[in-house]
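The lines below spell out each chain.
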Amino acid sequence: MNGVKLEVQWSPVHVDKFITWGTEIFLYEIIPQKDALSTSITVSDTTAANLLASNSSHHYVKCVDIYPQAEPDLLLAIGQANGKVVLTTFGPTTFDSRGLPGKELTPRHARQCNAIAWNPFDTNLIVAGLDKYRAEHSILVWDVFKCSHHVIETKGSSFTSSSQQQSSSVSELARPVYELGMSEIVNSLAWFNFQPRSIIVGMNNKHLRMIDLRDTSRTVCSTPTKAVYGLAVDPHNDCQLASYYENQISIWDTRNFEKPVLTVTQGKPVTKVLWCPTRHSLLGSLVRDSCGVYLHDIRHTIMSNDEVEPSVLERCIQPCASSNITSFSWHPSNENRMLTISLTGTIKDYVVFERITLNSSPNSAILWSYGRRSLRYVTDKDSYITPEDISVKIKRRALNGYGLKAEFSENGDISEDVVLKRVWKWLTVSQSLSEDSNSSRGPICKYPGVRHVLRMDGNFQNGAASLKSELNTIPWADLCNGNGSMAKIYKSEDRDKAVLLCGWKVDREPNALTSFLSQLESEGSFSRAAAIAVFNLKLRLAVSILNRGAAAQEKTASITSNLNIVAMAVSGFSDDKSSMWRELCLTSRSQLVDPYLRAMFAFLTADDDNFDNVLNENGVAVEDRVAFACMFLSDAKLNEYIHQLMMNLIAEGDLAGILLTGNSNDSVLLLQSYLEATGDIQSVCVIAIRMFPSEVIEGTTVQMWITSYCMLLDSWHLWNQRAQFDILLSMCTASEKPPQQVFISCNFCGKSISAQMQGHSKGRGSYVRLGASSQKLKMSSCPHCRKPLPRCAICLVNMGTPSGLQNNNNTNSSGRGGCNNKLAEFSSWFTWCQSCRHGGHAAHMAHWFREHSECPVTACTCRCLSLDAASKVPSILSHQV
Amino acid sequence: MFEARSINVEHKDLIHDVAYDFYGLRLATCSSDQFVKVWDQDDQGNWHQTACWKAHTGSVWKVTWAHPEFGQVLATCSFDRTAAVWEEIVGEGSVPGERGMRHWVRRTNLVDSRTSVTDIKFAPKHLGLLLATCSADSVVRVYEAPDVMNLSQWTLQHEISCKLPFSCLSWNPSLSRLHPPMLAVGSDDSNASSGGKVFIFEYSENTRRWNKPETLPNVTEAVHDLAFAPNLGRSFHLLAVATKDVRIYTLKPLQDSSSMQSGLSRFDIQLSAQCDDHLCTVWRVCWNITGTLLASSGDDGCVRLWKSTSYSQTNYLHNWKCVSVLKGDGTQAQNESASTALATPVGVMASATQSTASPRVIDEMSSPSPQQPPPASKWQAPVIKGRFQKMTWLGSDPPPPPMEKSKPFKKDLDFIVV
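In order, the protein sequence lines correspond to chains A and B. For the first sequence, the UniProt record's numbering assigns the number 881 to the last residue and increments by one with no breaks. For the second sequence, the UniProt record's numbering assigns the number 418 to the last residue and increments by one with no breaks.
Among the hints, a few may not be true.
Below, simulated DSSO-like cross-link-like pairs (lysine-lysine); rule was C-alpha separation at most 30 Å, straight line [stated by the list, open to error]:
| # | chain 1 | residue 1 | chain 2 | residue 2 |
| --- | --- | --- | --- | --- |
| 1 | A | 272 | B | 12 |
| 2 | A | 5 | A | 84 |
| 3 | A | 268 | B | 163 |
| 4 | B | 321 | A | 381 |
| 5 | B | 307 | A | 421 |
Because the hints were derived from the structure by calculation, they are not lab data.
Construct the entire structure; sequences and hints are all you get.
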């Protein structure tokens with residue numbers, strides 16, 4: 001801005017102070033954001049900066065360096081455009097006694113000072129690099145303490161001498177310790193950190209030169225390059241240097257100084273390079289007209305044949321996105337912290353975050369790296385998001401046996417979800433309906449949808465033809481004016497069934513409706529009950545329901561809609577098309593909040609059998625709308641409505657649509673759509689296998705759901721749930737039971753003993769099996785050749801017997817008590833290692849491998865346990881034994 | 001509020017990758033310090049380091065677990081131009097009764113790449129024991145272990161060359177036989193003019209080759225990570241891309257055979273979400289097990305969690321929203337900017353073949369000219385002294401709401417002038 005470049009620099013010795021300079025020099029202090037005063041400027045989310053002081057007494061500042069010795073105050077060395085190096089402070093400081101502030105170190109001829117640097121060890125030494133002047137040295141090293149005495153002296157005598165004389169006397173007196181670089185330009189320079197008297201200088205736009213001040217007669221080494229600007233020595237490694245020229249950043253190794261070890265090309269001219277003092281080989285760079293700082297992580301990788309190849313990982317960070325950055329400075333001690341200053345003067349205190357890598361576990365934990373040394377993670381117990389994700393819900397439901405319960409409604413209760421509860425409830429209704437209505441036509445359909453019941457599930461076009469219903473006109477029962485108010489209701493056997501399927505218990509018995517409604521009332525859904533009463537032309541009933549509802553609302557003080565007034569309005573119903581009541585209802589209907597009340601009035605005020613306002617009232621449950629449609633829509637309209645509604649529900653993935661689709665193929669679409677909307681693979685799977693006929697379950701879509709769900713259960717280690725799910729699946733599919741995968745054959749005759757055992761038990765019936773222990777004893781030998789079966793490696797009892805540890809009587813009694821028809825207790829089953837073929841009773845093996853990893857058979861070194869990938873799983877056996 | 005728990009991993013350099021095994025009970029980390037560490041979770045949920053070895057001679061970029069069906073197998077890839085497959089075995093000759101020492105052995109070293117191998121992933125289990133790598137020399141390699149019991153023998157089955165250096169890859173995890181094997185590969189080439197940076201490769205059973213890749217429309221910035229969501233029975237695929245922002249694409253396979261023959265797009269590709277909450281580069285993305293929650297990390301030092309809030313079936317678009325912001329140190333970000341920062345669902349985009357839709361202007365903050373403060377933002381008016389301006393950022397979280405008026409001038413500061 002205005003030609004003055006703003007610079008920023010952390011104090012090398014103070015953790016919380018930094019300076020900025022353009023035309024003036026400002027000193028700031030970093031304070032926590034919470035302590036910020038009104039005058040503080042915010043520099044980051046957590047910190048603010050207080051302006052402590054400013055110094056505007058110096059002009060033409062070209063470069064600034066801060067005295068690197070730990071002192072309470074800052075001492076600056078300013079290199080000016082006229083070549084003078086001025087020491088200055090902000091206000092009175094401890095340096096005053098040493099006479100340092102105000103000291104001017106002046107070269108013999110005025111020319112621009114390009115670089116200035118305090119020696120990091122001998123902090124009294126300061127080096128200045130100047131522009132070229134004929135027959136003059138351009139590298140001047142001063143000792144600020146050695147000449148201090150003389151300066152004060154001259155100052156004292158300056159009262160008598162002219163100012164011209166004074167400055168010349170100062171320059172005479174403050175003689176540099178070393179003078180180097182005759183008639184040369186210094187572009188940049190830097191001290192080495194571990195070789196205290198060595199400097200590296202970029203000179204004459206064409207070479208870098210390393211100089212040891214102890215022997216100034218010769219250069220230590222030098223290399224020709226154009227990259228002579230912004231020399232920076234790696235604070236951790238003296239051998240590593242960085243410099244730049246135009247678009248290129250060169251990284252040098254002083255041990256191999258001929259050519260740069262690495263050249264990084266940037267898109268724009270580079271303006272600054274700085275090594276990070278807190279990390280190895282991390283270089284920050286700045287390019288012109290850019291709002292980002294580039295970070296170059298320089299890595300030396302040893303390739304296969306011992307060659308070292310440096311490479312660079314680049315990153316661009318944008319501390320403030322709004323304006324171009326003109327300078328930056330690394331914090332001397334805080335890791336990855338830097339200050340940036342932009343063209344507009346915005347200062348940002350920025351911490352460069354390390355790249356965060358992250359991953360999520362199957363158990364809903366999220367883990368990420370924080371810095372170099374630690375990982376952080378949150379688990380589902382932390383409830384890091386609300387509402388919880390479906391994966392957490394699925395796992396919890398699986399643990400509770402969701403979908404596995406025989407009773408449908410129980411599954412609904414486990415789901416703790418309104419929509420799913422309704423689906424399971426509907427399945428119950430549908431099942432009971434299909435059980436007690438012996439469908440006269442076709443194959444028995446287990447869970448018919450409304451469309452099936454109304455015979456619409458064939459071709460859409462012919463659908464209407466198959467539905468034949470008669471039109472009944474029924475007088476409004478409770479209207480006593482007798483002027484012939486009639487409602488048109490369509491009736492047919494199929495329609496009745498469909499209405500029943502919707503959960504409306506009507507027409508079967510006289511009291512069914514009233515009991516259904518009072519059940520709704522007890523659930524607190526008064527408006528729904530009232531609406532259903534009205535749809536069934538029971539106005540008086542509706543009014544009394546609403547009144548009861550009003551009373552209930554008063555108790556709970558919930559004022560959603562004033563049911564008393566609604567009741568009053570309902571009671572005034574008149575069928576007259578031009579009545580004032582109707583007009584009023586039409587206008588005020590839209591103000592009702594409750595969708596059921598809206599639907600009720602829409603029905604009461606509908607004309608010409610146009611019930612669109614009822615049918616399209618989305619707040620009304622699908623089953624109520626469908627039941628309503630089944631009563632009041634003509635065949636053609638009903639067909640159209642049901643079809644349209646189904647399409648909408650499928651598109652939305654609304655499981656309420658299952659009422660319409662039943663177990664038809666449309667349900668697959670509906671479930672797929674629900675799955676895509678929610679990701680609830682579990683509900684989709686369990687509903688599908690409970691509801692669909694086996695040929696649908698064996699279709700590719702459902703099979704894919706099932707494999708996906710099984711994979712989920714597997715990765716959660718829910719083996720029991722997985723097994724139960726598989727059992728359920730095999731019960732629901734007509735296909736053959738999965739073939740036996742494991743056979744135990746006799747070592748001697750090679751015949752399967754298990755097949756024999758099964759046949760055995762079948763022949764004797766289920767009673768014999770459990771009772772006689774003698775029976776079991778006989779099983780310890782091969783049923784074919786009567787040779788003994790292998791022994792358990794632990795108890796040395798022949799297999800096929802109850803193990804010696806077990807009390808036979810107990811086993812039997814418990815066996816009788818529970819209705820299991822197992823051949824033997826799980827703990828005495830055959831188990832063996834797939835690798836060494838040694839084995840024994842399951843319980844013994846589990847016991848052994850709890851403490852051992854090797855095979856129990858002597859001289860067998862098979863590490864059976866470690867071969868088992870799931871060996872870390874808390875064993876099922878251990879719970880049972 | 002809660003605090004995240006922490007694991008002290010003590011890597012000596014940057015951690016580049018963490019990977020859970022299939023069950024989420026084991027963890028592998030890899031780092032620039034050339035080491036790989038394996039961690040096991042005990043019954044109390046605490047993590048213990050059970051193995052640590054120097055795996056490569058360069059930074060180890062990625063580590064990944066094979067399905068446990070194939071044993072305890074890890075694969076790593078590194079800057080040293082190699083990829084390796086490791087298997088955990090139990091040492092021989094220990095005293096009986098003592099638990100055998102487990103240790104990891106290198107089963108194979110895949111040395112085909114001439115440059116840094118940037119990513120490595122095992123294929124979904126049902127495809128067999130397949131391993132895909134991608135490298136900076138723009139080659140994707142697919143290896144197969146024909147005998148799953150012999151992990152030291154891997155054959156290079158396919159080598160697909162491209163023009164851009166690759167940085168990341170992801171297998172499509174779909175279990176469906178209807179979906180052919182599919183790989184998404186991203187490039188971190190920062191030159192926007194070199195075109196799309198995400199390539200979708202599909203394997204054709206008929207030709208037994210990987211088809212010519214398709215590129216995702218409008219991803220021209222460097223891509224640092226990408227991840228397919230677990231499919232879980234969906235009819236489409238979800239692909240998250242970490243570039244300048246988090247993007248979620250839906251890929252709906254087109255069943256139409258005509259498009260397959262004509263070589264046009266095989267998918268209907270739509271941009272489902274584009275979220276620039278990280279303000280800067282996004283480094284990593286990962287899905288949860290159901291593909292319903294996306295986590296991303298970025299240069300802002302935060303982990304953000306994304307969740308779909310609503311869904312429209314007509315174009316398979318979910319409306320993704322940031323539901324949680326976790327700071328890098330594990331505290332939850334104080335300001336719930338999460339709830340307001342809605343991921344803008346980008347409406348209907350043309351399918352891949354006709355990518356005409358222009359990308360949304362990504363950064364509201366980058367546009368104002370440097371000379372003046374951004375108008376009507378949360379910036380405090382400048383305090384001017386000389387030519388030195390100071391600006392104060394009052395907001396705690398970046399995107400400035402366009403409504404707020406600039407604050408009144410503060411009285412000039414009292415400077416101490418020496």
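(request) Hints the structure violates: just list their numbers, smallest first. (result) The structure conflicts with no hint, since it agrees with every one listed earlier.
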